[in-house]
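Put chain B on the given structure of chain F with help from the hints.
This is what each chain is made of:
Number of protein chains: 2
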Amino acid sequence: MFRTSNCGDLTISNVGEIVTLAGWVSRIRDKGFVLWIDLRDRYGITQIIFDEKRSSIEFMDKVRKIHREYVIQIKGKVIERESKNPDIKTGDIEILASSLDILNESITPPFTIENNTDGGEELRMKYRYLDIRRPVIQKNLLMRSNLSLEIRKFLVSKQFVEVETPYLIKSTPEGARDFIVPSRMNKGDFYALPQSPQTFKQLLMVSGMDKYFQIVKCFRDEDLRSDRQPEFTQIDCEMSFVSEDDVLNEFEELIKFIIKKFKGTELNSFTRMTYSEAIEKYGSDKPDIRYGMEFGNLTKVARGKNFKIFDSQEVVLGLSVPNGANFSRKQIDSLIEFSKSHEEGANGIVWVKYNKDKTFKSSVDKFFNTKDLSIWAKILVCKPGDLMLVISGQKTEVYKQLSLLRLELANRLNLKNNKEFAPLWITDFPLFNWNEEKNGFDSVHHPFTAPKDEDLELLDKNPNLVKSKAYDLVLNGNEIGGGSIRIHNGNIQRKVFKILGLSEKESNDQFGFLINSFKYGAPPHGGIAIGFDRLVAILNGNESIRDFIAFPKNNQGKDIMLNSPSSISKEQLEELGLKINKPYNK
Amino acid sequence: MFRTSNCGDLTISNVGEIVTLAGWVSRIRDKGFVLWIDLRDRYGITQIIFDEKRSSIEFMDKVRKIHREYVIQIKGKVIERESKNPDIKTGDIEILASSLDILNESITPPFTIENNTDGGEELRMKYRYLDIRRPVIQKNLLMRSNLSLEIRKFLVSKQFVEVETPYLIKSTPEGARDFIVPSRMNKGDFYALPQSPQTFKQLLMVSGMDKYFQIVKCFRDEDLRSDRQPEFTQIDCEMSFVSEDDVLNEFEELIKFIIKKFKGTELNSFTRMTYSEAIEKYGSDKPDIRYGMEFGNLTKVARGKNFKIFDSQEVVLGLSVPNGANFSRKQIDSLIEFSKSHEEGANGIVWVKYNKDKTFKSSVDKFFNTKDLSIWAKILVCKPGDLMLVISGQKTEVYKQLSLLRLELANRLNLKNNKEFAPLWITDFPLFNWNEEKNGFDSVHHPFTAPKDEDLELLDKNPNLVKSKAYDLVLNGNEIGGGSIRIHNGNIQRKVFKILGLSEKESNDQFGFLINSFKYGAPPHGGIAIGFDRLVAILNGNESIRDFIAFPKNNQGKDIMLNSPSSISKEQLEELGLKINKPYNK
Numbered sequence: 016m017f018r019t020s021n022c023g024d025l026t027i028s029n030v031g032e033i034v035t036l037a038g039w040v041s042r043i044r045d046k047g048f049v050l051w052i053d054l055r056d057r058y059g060i061t062q063i064i065f066d067e068k069r070s071s072i073e074f075m076d077k078v079r080k081i082h083r084e085y086v087i088q089i090k091g092k093v094i095e096r097e098s099k100n101p102d103i104k105t106g107d108i109e110i111l112a113s114s115l116d117i118l119n120e121s122i123t124p125p126f127t128i129e130n131n132t133d134g135g136e137e138l139r140m141k142y143r144y145l146d147i148r149r150p151v152i153q154k155n156l157l158m159r160s161n162l163s164l165e166i167r168k169f170l171v172s173k174q175f176v177e178v179e180t181p182y183l184i185k186s187t188p189e190g191a192r193d194f195i196v197p198s199r200m201n202k203g204d205f206y207a208l209p210q211s212p213q214t215f216k217q218l219l220m221v222s223g224m225d226k227y228f229q230i231v232k233c234f235r236d237e238d239l240r241s242d243r244q245p246e247f248t249q250i251d252c253e254m255s256f257v258s259e260d261d262v263l264n265e266f267e268e269l270i271k272f273i274i275k276k277f278k279g280t281e282l283n284s285f286t287r288m289t290y291s292e293a294i295e296k297y298g299s300d301k302p303d304i305r306y307g308m309e310f311g312n313l314t315k316v317a318r319g320k321n322f323k324i325f326d327s328q329e330v331v332l333g334l335s336v337p338n339g340a341n342f343s344r345k346q347i348d349s350l351i352e353f354s355k356s357h358e359e360g361a362n363g364i365v366w367v368k369y370n371k372d373k374t375f376k377s378s379v380d381k382f383f384n385t386k387d388l389s390i391w392a393k394i395l396v397c398k399p400g401d402l403m404l405v406i407s408g409q410k411t412e413v414y415k416q417l418s419l420l421r422l423e424l425a426n427r428l429n430l431k432n433n434k435e436f437a438p439l440w441i442t443d444f445p446l447f448n449w450n451e452e453k454n455g456f457d458s459v460h461h462p463f464t465a466p467k468d469e470d471l472e473l474l475d476k477n478p479n480l481v482k483s484k485a486y487d488l489v490l491n492g493n494e495i496g497g498g499s500i501r502i503h504n505g506n507i508q509r510k511v512f513k514i515l516g517l518s519e520k521e522s523n524d525q526f527g528f529l530i531n532s533f534k535y536g537a538p539p540h541g542g543i544a545i546g547f548d549r550l551v552a553i554l555n556g557n558e559s560i561r562d563f564i565a566f567p568k569n570n571q572g573k574d575i576m577l578n579s580p581s582s583i584s585k586e587q588l589e590e591l592g593l594k595i596n597k598p599y600n601k
Numbered sequence: 016m017f018r019t020s021n022c023g024d025l026t027i028s029n030v031g032e033i034v035t036l037a038g039w040v041s042r043i044r045d046k047g048f049v050l051w052i053d054l055r056d057r058y059g060i061t062q063i064i065f066d067e068k069r070s071s072i073e074f075m076d077k078v079r080k081i082h083r084e085y086v087i088q089i090k091g092k093v094i095e096r097e098s099k100n101p102d103i104k105t106g107d108i109e110i111l112a113s114s115l116d117i118l119n120e121s122i123t124p125p126f127t128i129e130n131n132t133d134g135g136e137e138l139r140m141k142y143r144y145l146d147i148r149r150p151v152i153q154k155n156l157l158m159r160s161n162l163s164l165e166i167r168k169f170l171v172s173k174q175f176v177e178v179e180t181p182y183l184i185k186s187t188p189e190g191a192r193d194f195i196v197p198s199r200m201n202k203g204d205f206y207a208l209p210q211s212p213q214t215f216k217q218l219l220m221v222s223g224m225d226k227y228f229q230i231v232k233c234f235r236d237e238d239l240r241s242d243r244q245p246e247f248t249q250i251d252c253e254m255s256f257v258s259e260d261d262v263l264n265e266f267e268e269l270i271k272f273i274i275k276k277f278k279g280t281e282l283n284s285f286t287r288m289t290y291s292e293a294i295e296k297y298g299s300d301k302p303d304i305r306y307g308m309e310f311g312n313l314t315k316v317a318r319g320k321n322f323k324i325f326d327s328q329e330v331v332l333g334l335s336v337p338n339g340a341n342f343s344r345k346q347i348d349s350l351i352e353f354s355k356s357h358e359e360g361a362n363g364i365v366w367v368k369y370n371k372d373k374t375f376k377s378s379v380d381k382f383f384n385t386k387d388l389s390i391w392a393k394i395l396v397c398k399p400g401d402l403m404l405v406i407s408g409q410k411t412e413v414y415k416q417l418s419l420l421r422l423e424l425a426n427r428l429n430l431k432n433n434k435e436f437a438p439l440w441i442t443d444f445p446l447f448n449w450n451e452e453k454n455g456f457d458s459v460h461h462p463f464t465a466p467k468d469e470d471l472e473l474l475d476k477n478p479n480l481v482k483s484k485a486y487d488l489v490l491n492g493n494e495i496g497g498g499s500i501r502i503h504n505g506n507i508q509r510k511v512f513k514i515l516g517l518s519e520k521e522s523n524d525q526f527g528f529l530i531n532s533f534k535y536g537a538p539p540h541g542g543i544a545i546g547f548d549r550l551v552a553i554l555n556g557n558e559s560i561r562d563f564i565a566f567p568k569n570n571q572g573k574d575i576m577l578n579s580p581s582s583i584s585k586e587q588l589e590e591l592g593l594k595i596n597k598p599y600n601k
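Same order as they appear, the protein sequences are chains F and B. For the first sequence, the numbering used here begins at 16 and goes up steadily by one. For the second sequence, the numbering used here begins at 16 and goes up steadily by one.
Just so you know, the hints here were simulated from the structure itself, not pulled from any lab data. One thing to keep in mind: the hints can contain errors.
Unchecked claim - According to the in silico footprint, chain F covers these stretches of chain B (three or more CB under 8 Å from chain F):
| # | stretch |
| --- | --- |
| 1 | 42-55 |
| 2 | 113-127 |
| 3 | 426-437 |
| 4 | 585-596 |
Stated by the list, open to error - Derived lysine to aspartate or glutamate pairs resembling EDC-like cross-links, with alpha carbons at most 20 Å apart:
| # | chain 1 | residue 1 | chain 2 | residue 2 |
| --- | --- | --- | --- | --- |
| 5 | F | LYS415 | F | GLU590 |
| 6 | B | LYS301 | B | GLU259 |
| 7 | B | LYS173 | F | ASP24 |
| 8 | B | LYS467 | B | ASP204 |
| 9 | B | LYS296 | B | GLU521 |
| 10 | B | LYS90 | B | ASP24 |
| 11 | B | LYS534 | F | ASP116 |
| 12 | F | LYS534 | B | ASP300 |
| 13 | F | LYS585 | B | GLU589 |
| 14 | F | LYS168 | B | GLU165 |
| 15 | F | LYS585 | B | GLU521 |
| 16 | F | LYS594 | B | ASP204 |
| 17 | F | LYS381 | F | ASP326 |
| 18 | B | LYS90 | B | GLU67 |
| 19 | F | LYS453 | B | ASP261 |
| 20 | B | LYS594 | F | GLU590 |
| 21 | B | LYS431 | B | GLU589 |
| 22 | B | LYS415 | B | GLU521 |
| 23 | B | LYS202 | F | GLU237 |
| 24 | F | LYS594 | B | GLU67 |
| 25 | F | LYS453 | B | ASP242 |
| 26 | F | LYS80 | F | ASP66 |
Backbone N, C-alpha and C fix where the C-beta goes; we use that ideal spot for every residue, glycine too.
The shape of chain F in the complex, shown without the other chains (with noise of 0.2 Å):
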């Protein structure tokens, strides 16, 4: 026994008990005659105190040889702090120490461990051991692991059953972004890691598991967007004998519950919307309804009026900024700038400022009067004081200029409440997309997506206008899950990979197992997959995953404390049957 208390154990009521403590020296106070030790551990700091009066000099010498971080065990006496320091659970004791005994030394860390550290991101990353001694690190892996634990209690409590799914699966000709695990065993043969246990949860299903769920790791060897890992954790859920609004409300629920139990807000029901509602009114399929302006759509009234722009485009719309009628000149030809300046940038902007005495200057005053400008003000929800802002050109750049004017807006007029949460769920999604490139048919979500009921001619005849059971789960703009009513019905499975150019030959090498199992009385079901890693950062009002992740990876796929991945030896890549080819320079 190392210790009797933790570092955030003891208060008023421990006062006289002699104790020993073990943990990190995070800070010292030397005043000559009286000097202050802050002992950290994950679970607080208390002070510890050494002065003349009680403590000889050789002692009050010794601990003048401890540097910060350096590991000590104390013992001594629960006293009552002089000066209280209400902010820590321990603030009204001190430890009048009576030995100490040093249990490793430190060097000098290369960035100071505390909250608000000095440390940059890629030094914090290669000594990540350090960087997670900050207790706002610390606290981030505790809440996600009591995150997983209440989860997981939930969903036990509605008999899913959590069904560990095989790592080493089957590696598909077509899965260009699995990893793959060379076989020593089985040479020139490979496993796959898994982007998803997409099809192992529907054998579950076939199995009558009827209710399975696993928190898992997922693999997808993809170029990385600043948020993305190559490995990442999903809360993977199937249920059978359910329809949409079935796996909907239990997820639902689960969610609720969650921010309820984390977060202690109480949430109504969540807002539905199909998936064309969502683009006609926000541009996006994961639109932040924090915050209003939805698009309006101007194209009849604003075109006719002699302003060629308008007139030789095929839509225009627009959306109302609250309160920005006392925008600058500056600030609206910034927000012009932005528009132009990223990828999918737009031409122009038109703005209109309705002002608070409902008079209107805009930048098409030539062509529009008043009563027109009152016609577009009705439509986007535009009221006095506010600032109408309008893009015209070809549809779909339009919603998605539109769409990302409107999360700039968001962000430079603060309107992201990171208390609030605002979740949605996105249903109706189509079921295919053209892929130029391949000249064929995507998936929009996956290939084992059912189509609606009402659908399914339509899948002979006009497969773009197929929609599908998908849903997406949106929490404050972000998707945090997604899933479908899959398809359960052998002939219907054999026509979607039909029409996503799959050879017969093709879909039986690759998903013949499933196909398989779909003869012998596969049920109804779907389910559902939710981010955890984004899950965990969104609740704690933060957008990036990587500090809620123990040990991520950077941008480039590289654990830099670690330096993986790397070169392995000759000699093994000899027993697996594998020789480096020259990198292949296109």
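Chain B only, in chain F's frame:
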């Protein structure tokens, strides 16, 4: 909503209700005028009744088109059964069907979906999704799910934090049994899959996480014995500021909690035994202590009696078989045969019957008189009616031979009580063992294991005598867990690497990040890893782990349902910068 109740829900209290059920047709009995279907799902079986009196002929004809494993939906009225079935929860009622929908059809399954199936292992694995449909396998998976949740709840209540460590880690030149994963973004470089999260959990202790756990998949690319899997699940734990006793006590409590919770058995304090003692008594470091038959050393008393075989050998060891005096000659010969047959084969067995009338009858009557044999009986704790079996030879071999004989006797005499749980801790393992092939030392556990404090000086002088702070948890003759107090001092760690034959460069290349972390105040720490697959199996009185894994692989590491591992395309290999080498034939 496909159902209002599941197939395990309804009891006599529901009589009169109109319900909807969905599930699989488990059995059909057709008496012409009346027809029953057993409808099955994960929750149970409910009997559905159709009869001529109350159902139309068209309806009965429709029902007759249904076959085994069809997925159907039934609407009907709950009625009281005439002949009740007390063996199932729903045995008092049946459903008088008013409508029936076929949700999916099924061809005839390749084996019967019943607890006692006619399907062989190979067939069951190929159709694992049907195998899992058998209630016995569902029960196993359900138990596994509950067990993992209870373990998590227990550990979290003890302030352990579940931290997910990475799966894509650093490959090391010496990690010959690592599965490796080529990186597409960093061509020619590789990740490895972890054999365990060992180094990460130690880093988490350096991080001050204090108490870590994870229920986690681990990977080992080695030739598989019948009861090994290339991927397996571990309950992985680590604690700071602990000594051996602290770890043993904490996890003893966990095991007691589990066995109480799932088996209703209150266990006493676990036996603790040093490695040497285990070898002396049972010739094994994972003895099954549910039955006696401890070894006795007869070397001193059995030599010098002109029995040349004994006189010429290093040791003479024996054990006493309870009630073995009535073994037939044939039974004894068969034991001798067994002992010769296996790899570690003994030359012969000397047997001594200690008859109920206190006379002796032995295979060495010529050399040993009653007085001699009485002394043997005393040493081997042999009572009248028992049988002594004695083997002589080279020390380590005799221990192995007698240990195997003991296990065989337990099987033949049916001494293993599946309802009994006999855990014990084995402690004080040697730190190193000598590897003849490499002509150097190996770690008995792993290179991070701490030597006993009192043996620190021996590290330089006599490494083979150094004992370690390692411990194994043994349950009913199976090693279900193991761990140690770790080295937290960089100097000792470096010394151990050196003894293991790792150069400074090699140890830095492989473990530099860990050695480095020790410079920044590593706390004393230690931990344990428990094999979760085996634990579930043993708790269910089963020694094979496959029936407790949803999708296991076979002895060749293959998933015969998926047909995995399999080949990948040339393009995929090219993208990874790899080439298949012609298999290297030795």
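These are the hints, each one checked on the structure:
For the stretch 42-55 of chain B, the assignment as covered by chain F is violated, since 1 residues bring a beta-carbon within under 8 Å of that chain's beta-carbons and 3 are needed. Only residues whose beta carbon comes within less than 8 Å of a beta carbon in chain F count, and the stretch 113-127 of chain B has 6; three or more means the coverage holds. Counting residues of the stretch 426-437 of chain B whose CB lies closer than 8 Å to any CB of chain F gives 0, which falls below the minimum of 3, so the coverage claim is violated. Residues of the stretch 585-596 of chain B with a Cβ under 8 Å from some Cβ of chain F number 10, which satisfies the need for three, so the listed coverage holds.
Simply put, LYS415/F and GLU590/F have alpha-carbon atoms about 51 Å apart, too far for the 20 Å limit, and the pair is violated. Restraint check for LYS301/B and GLU259/B: satisfied, since their Cα atoms lie roughly 19 Å apart, inside the 20 Å limit. Annotation: proposed proximity of LYS173/B to ASP24/F holds, straight-line Cα distance about 14 Å (limit 20 Å). Only pairs whose Cα atoms come within 20 Å are accepted, and LYS467/B paired with ASP204/B is rejected, the gap being roughly 39 Å.
This hinted pair does not check out: LYS296/B and GLU521/B have alpha carbons roughly 40 Å apart, beyond 20 Å. For a cut-off of 20 Å, the pair hint linking LYS90/B to ASP24/B stands: about 15 Å separates their Cα positions. For the proposed pair LYS534/B and ASP116/F, the alpha carbon gap of about 17 Å is at most 20 Å, so the pair holds. Distance hint between LYS534/F and ASP300/B is unfulfilled; the C-alpha atoms sit about 49 Å from each other, more than 20 Å.
As the CA atoms of LYS585/F and GLU589/B are separated by approximately 19 Å, the hinted pair is consistent with the 20 Å bound. This hinted pair checks out: LYS168/F and GLU165/B have alpha carbons roughly 10 Å apart, not beyond 20 Å. Between the alpha carbons of LYS585/F and GLU521/B the distance comes to roughly 16 Å, so the proposed pair stays at or under 20 Å and holds. Distance check on the hinted pair: LYS594/F and ASP204/B sit about 12 Å apart at the alpha-carbon level, within 20 Å; holds.
For the proposed pair LYS381/F and ASP326/F, the alpha carbon gap of about 15 Å is at most 20 Å, so the pair holds. Simply put, LYS90/B and GLU67/B have alpha-carbon atoms about 17 Å apart, close enough for the 20 Å limit, and the pair holds. Distance restraint check for LYS453/F and ASP261/B: the Cα-Cα separation of roughly 62 Å exceeds the 20 Å cut-off, and the hinted pair is therefore not satisfied. Between LYS594/B and GLU590/F the CA atoms are separated by roughly 13 Å; this keeps the pair inside 20 Å, and the hint holds.
With a C-alpha separation of about 55 Å, the suggested pair LYS431/B and GLU589/B falls outside the 20 Å cut-off, and the hint is violated. Straight-line distance between C-alpha atoms of LYS415/B and GLU521/B comes to about 36 Å, which puts the hinted pair past the 20 Å bound. Restraint check for LYS202/B and GLU237/F: satisfied, since their Cα atoms lie roughly 13 Å apart, inside the 20 Å limit. As the CA atoms of LYS594/F and GLU67/B are separated by approximately 73 Å, the hinted pair breaks the 20 Å bound.
For the suggested pair LYS453/F and ASP242/B, the alpha carbons sit about 46 Å apart, so the restraint of at most 20 Å is broken. The straight-line distance between the Cα atoms of LYS80/F and ASP66/F is roughly 15 Å, inside the 20 Å bound, and the hint therefore holds.
Going through the hint list in order, the structure does not satisfy hints 1, 3, 5, 8, 9, 12, 19, 21, 22, 24 and 25.
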